[in-house]
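Line by line, the protein sequences are chains A and B.
Mind the numbering: the first sequence is residues 1 to 495 in the working numbering, read in order.
Mind the numbering: the second sequence is residues 1 to 314 in the working numbering, read in order.
What the hints contain is simulated information worked out from the structure, not anything from laboratory work.
Remember, predicted model here, so these are calculated numbers, not experimental data.
Worth double-checking, as some hints may not be accurate.
To be verified - Computed cross-link-like contacts, SDA-like style, restricted to lysine to any residue with a CA-CA straight-line distance of at most 20 Å:
hint	chain 1	residue 1	chain 2	residue 2
1	B	K59	A	P47
2	B	K106	A	T188
3	B	K106	A	D196
4	B	K238	B	I176
5	B	K177	A	N185
6	A	K138	B	F153
7	A	K138	B	S133
Stated by the list, open to error - Beyond 10 Å from chain B on every Cβ pair, some chain A residues (computed):
hint	residue
8	P259
9	L378
10	T467
Stated by the list, open to error - Quick partial rundown of chain B residues pointing at chain A, CB under 7 Å, derived from the structure:
hint	residue
11	A42
12	I48
13	R51
14	R70
15	G73
16	P159
17	N160
18	V181
19	P182
20	A187
21	T191
22	G195
23	H197
24	Q210
25	S214
26	R285
Just so it is clear, CB atoms sit at the ideal spot from N, CA and C, and this is done for glycine as well.
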Amino acid sequence: MELILPAIGEVMQPINLAVMTIGLIIGMAIGAIPGLNVPLAVAISLPITFHLAPLAGIAMLVGIYKGGTYGGSISAILINVPGTPAAGATALDGYALTQQGHASKALRVALYSSFTGGLISDLSLIMFAIPVAMLALKIGPAENFALGILALTLIGVLSEGNMVKGLIAGAFGILLSTVGLDPLNGETRLTFGLLDLSGGFQFISLIIGVFAIAEAFALAHATAGRLVASVGQRVSAAGKGMSAADWRLCLPVMLRAAPVGVFIGAVPGLGSAISAFINYGIARNFSREPEKFGKGSLEGVAAAESGNNAVCGSTFIPLLTLGIPGDTITAIMLGAFMVHGLIPGPALFTANADFVAAFFVAMLVSSILMLAIGRLGLPLFVQAVRIPNKVLFPIVVALCMTGVYASSSSYFDLYVMLGFGLLGYGMKRFGFPVAPLLIGFILGPIVEVGLRQSLIISRGSLEIFVTRPIALICLLLAAMVVTWVAIRQNRGIKS
Amino acid sequence: MKTTRRILIGALLALPLATHAFTVSAQQYPAKPITFIVPWPAGGTTDIIGRLLGEAMSKELGQPVAVVNRVGGGGAVGTKAAFDAPKDGYTVLVTTSGNHVLTPIKGNVGYQPDDFIGIGQISSRTLILATKSDRWKSARELIADAKANPGKFTFGAVPNVLPFLVASGFARAADIKLTHVPQTGGAPGVTGVLGGHLDLVPESLESVQQHLKSGAMRGLLVFNEARDPAAPDVPTAKELGFDVVGNPWTGLAVAKGTPEPIVARLRDVMAKVAKDPAFVATVERSGASVEYLDGPAFTALFSRDFEKFKAASQ
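With the hints as extra help, turn the sequences into a complete structure.
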């Protein structure tokens with residue numbers, strides 16, 4: 001505690017607040033622009049931070065990280081383009097709300113949920129870093145497999161009332177995730193001899209394709225068929241802010257999603273997109289109005305945004321306590337720490353206790369700054385709803401193209417994105433839900449790698465999944481969810 | 001929307017610069033920005049070294065260096081792109097033993113190690129076989145235990161990369177059977193050992209160094225010709241009688257066919273940068289270390305390591 005007061009003084013220095021603000025603004029812009037992703041922004045900014053003092057440099061990267069994770073929701077809500085993979089779940093309901101004239105409300109829910117999730121995550125990092133890290137270390141291949149199976153059952157939850165098409169979409173998502181190099185033995189799969197396919201499909205191409213490009217195709221089709229009145233109607237009003245009733249609806253969702261996100265963030269290799277979709281599924285499961293999910297549910301936006309931002313603080317738990325980077329961003333941050341002579345790991349807390357305290361304060365301050373900047377920017381962001389579709393969508397498509405090309409320098413990824421646009425358009429036309437496709441795609445590799453590694457370790461025995469308590473609990477929960485969904489489905493509770 | 005539109009216009013204007021190749025004679029070189037292709041993801045060791053080199057070399061060359069990550073296919077996508085680009089010195093490959101030598105061993109990827117000319121090696125890493133500190137005290141103990149329990153103990157490594165090859169080479173040389181649990185990257189293997197899900201991990205010394213220092217892990221062997229000063233207590237495999245040596249390297253290369261004066265210019269500039277104490281200090285602070293080799297010596301590694309690891313991977 002005696003470390004906290006000087007740390008607050010240090011973080012509050014103008015230079016630190018300034019670089020954090022710059023980081024947040026860069027992050028929000030990068031997050032909101034489709035294709036440009038947050039890890040790329042952090043990687044490119046890394047050499048800049050070498051010239052700053054340790055705290056300022058790392059605070060700037062934290063700002064980019066947090067701002068980027070939130071920024072993805074702005075374009076997801078306003079123009080149906082998830083700026084980051086983690087904002088995919090936000091687009092499901094956020095854009096529907098914009099179309100219904102509630103853009104202002106949806107943006108506020110996203111901002112406040114991001115803040116709440118981020119703040120809870122920072123506090124967890126500060127208070128429970130060591131126990132959470134020990135729990136995360138217990139997650140081995142068997143536990144990863146079981147967690148993945150449990151998360152996959154959410155496809156069932158999200159497909160109630162449209163079960164067959166939902167399951168087809170989910171299975172197709174898993175199939176798409178198997179294209180490319182086999183994650184374990186490096187053999188190519190389903191690439192048809194194309195070198196470009198050996199890296200597999202990029203999640204960002206998939207997500208931009210099925211949301212933004214599919215929406216553009218739908219719009220083009222509607223315009224050509226003079227059906228403008230019935231499809232793709234855009235309301236140019238942003239609507240009102242959040243009412244007290246909206247708060248009562250969303251706050252419990254935010255608070256429930258945050259701890260789940262904190263746990264997912266602490267486990268190396270999962271990440272914010274998985275947290276967003278899992279929390280979206282959980283929120284639908286517990287909602288009183290599950291039928292609104294996918295058609296403009298505030299709860300859906302709250303769960304997704306609180307869930308993905310709750311990952312931001314806790315990904316630092318394995319990094320700071322064990323020196324293990326859990327995802328690309330923390331791997332880059334590890335480099336930033338090392339450059340300044342700070343070696344993450346248990347020794348950091350004793351050797352550089354004053355720095356750790358300052359880092360914790362910087363995490364909290366950047367969350368508060370993010371809330372302030374986001375709130376100030378809101379009136380500006382909502383102006384996007386005034387732009388008519390025939391002007392907006394050509395810009396969106398061009399932005400998507402340049403964004404995807406800028407991050408991969410590959411024409412092939414552009415064709416992939418257009419292909420997924422056609423897929424998304426087809427799915428929309430024939431009533432296949434998009435969320436199961438995305439969930440299958442991100443969970444497929446986790447389940448596959450977990451299963452294969454477990455069976456190699458156990459030498460082919462399935463016992464490994466029942467003798468390890470965390471794995472067993474997850475598999476039992478998965479069985480319960482499946483049973484429960486089956487019962488509800490049979491009773492004919494339609495969504 | 002104004003800013004996004006401005007970015008869009010800027011990006012569109014920049015596009016021809018990036019895609020069109022001008023033919024410029026060697027005397028004027030470099031007359032326009034140079035692209036460094038990194039065939040590995042942003043933020044990794046190779047990427048950081050490539051960016052630092054690019055920044056330092058651009059000051060000497062008087063032209064900006066753009067670092068582009070072309071990821072996929074075990075580094076084959078980026079390496080092939082550098083091979084296919086005009087051979088005018090404006091596309092430089094930031095290359096590693098992985099994409100340069102090991103990936104072409106696995107299958108036909110459209111290039112061979114000898115299709116490139118080395119500009120210079122910038123770093124070479126030590127590989128260490130590490131375990132959790134409450135397990136074996138030495139490699140001898142491990143060997144005795146593994147002989148009594150064939151196949152019981154696991155090691156985590158990405159298949160067919162150098163750490164995998166040295167670990168399986170060691171098991172063969174010591175006549176023990178270890179079970180390989182394939183990993184998706186180096187870091188998950190280290191996590192697996194710390195969490196008790198794996199028994200052993202072969203990894204670069206710098207990625208486990210902090211765990212050795214904190215006492216969480218112990219190094220059993222290094223696969224060097226001589227002991228690494230950064231881990232002086234850890235014996236080499238050679239000392240114990242197992243002739244297993246392998247060092248992953250990183251450097252710069254250009255496609256064969258690049259005019260000789262341009263190659264010479266790049267080699268001079270890189271040599272100057274690699275010997276600059278300020279540059280060396282920056283690289284070392286990022287966790288890597290500078291092990292400079294000049295162009296001809298680096299080029300000689302291509303075919304030597306190709307033959308060596310081709311034999312080891314069969």
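Hints, one by one, checked against the model:
1. K59(B) / P47(A): Between K59(B) and P47(A) the Cα gap is close to 15 Å, so the pair holds against 20 Å.
2. K106(B) / T188(A): holds, 11 Å
3. K106(B) / D196(A): holds, 17 Å
4. K238(B) / I176(B): Holds: K238(B) and I176(B) sit about 17 Å apart, inside 20 Å.
5. K177(B) / N185(A): The given pair, whose Cα atoms are some 19 Å apart, holds under the 20 Å limit.
6. K138(A) / F153(B): holds, 19 Å
7. K138(A) / S133(B): holds, 17 Å
8. P259: At roughly 22 Å from the nearest Cβ of chain B, P259(A) sits farther out than 10 Å, so the non-interface label holds.
9. L378: holds, 15 Å
10. T467: holds, 14 Å
11. A42: holds, 4 Å
12. I48: holds, 6 Å
13. R51: Because about 6 Å separates R51(B) from the closest Cβ in chain A, which is inside the 7 Å limit, the hint holds.
14. R70: For R70(B), the interface hint holds, since the closest Cβ of chain A sits about 6 Å away, which is under 7 Å.
15. G73: Check passed: Cβ of G73(B) comes within 4 Å of chain A, closer than 7 Å.
16. P159: This hint holds: P159(B) lies near chain A, its Cβ roughly 5 Å from the closest one there, short of 7 Å.
17. N160: holds, 6 Å
18. V181: holds, 5 Å
19. P182: holds, 4 Å
20. A187: Holds, about 6 Å.
21. T191: Nearest chain A Cβ about 5 Å off; hint holds.
22. G195: holds, 4 Å
23. H197: holds, 3 Å
24. Q210: holds, 5 Å
25. S214: Because about 5 Å separates S214(B) from the closest Cβ in chain A, which is inside the 7 Å limit, the hint holds.
26. R285: holds, 5 Å
In summary, the structure agrees with every hint in the numbered list given earlier.
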